[in-house]
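Residues in the sequence shown are numbered from 1 upward in steps of one, following our numbering.
Derived from the structure by calculation, the hints contain no laboratory data.
It cannot be assumed that every hint is accurate.
Label-pair ranges, simulated between beta-carbon atoms [stated by the list, open to error]: (1) P54 to I30: 14 to 24 Å; (2) A83 to P54: 34 to 44 Å; (3) V31 to L82: 15 to 25 Å.
Ideal placement from N, C-alpha and C gives every residue a C-beta, glycine not left out.
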Amino acid sequence: MPDEKKTPEEQKPSYTPASPEKRALAWMGIVYMVILVLLFTYNLAHGEPLHGGPGILLAPGCGGLSAVAFLRYRAKGGWFHLALGVVAALLCLVTAVVGVITVGIALGLVGGV
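Make the full structure from the sequences, and use the hints.
Listed below in structure tokens is the structure:
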């Protein structure tokens, strides 16, 4: 049996980087974890949960949906992905602003109505 030499491609495992959609969703998960840690830390420090959190918690999900929709629009085209991306981006902006305002009111940083 002859001495077979393996090519460098056969010796090293192949590396396939993550798709941009997976990266966007991974960043969304990181943002969620930071928000949850901050909310839980506040709860432990003050003995009660911070009110007004749903707007803060909806914003990363809408942002992730927007990013995925825009990436699919760029890859495949189609008006549906573009419309979904625009609507999700607007919803992300609205929920983030409302969430920051309600958390600011709960913390006493912003004057309440």
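| task | Using the Cβ atoms, figure out if P54 sits within 14 to 24 Å of I30. | result | 20 Å Cβ-Cβ, so the 14 to 24 Å window holds.
| So does A83 sit 34 to 44 Å from P54, Cβ to Cβ? | Distance hint for A83, P54 is violated at roughly 25 Å.
| task | Could you tell me whether the CB distance from V31 to L82 stays inside 15 to 25 Å? | result | The hint (15 to 25 Å, Cβ to Cβ) holds, given that V31 and L82 are roughly 24 Å apart.
In this structure, only the earlier hint numbered 2 is contradicted, and the remaining ones agree with it.
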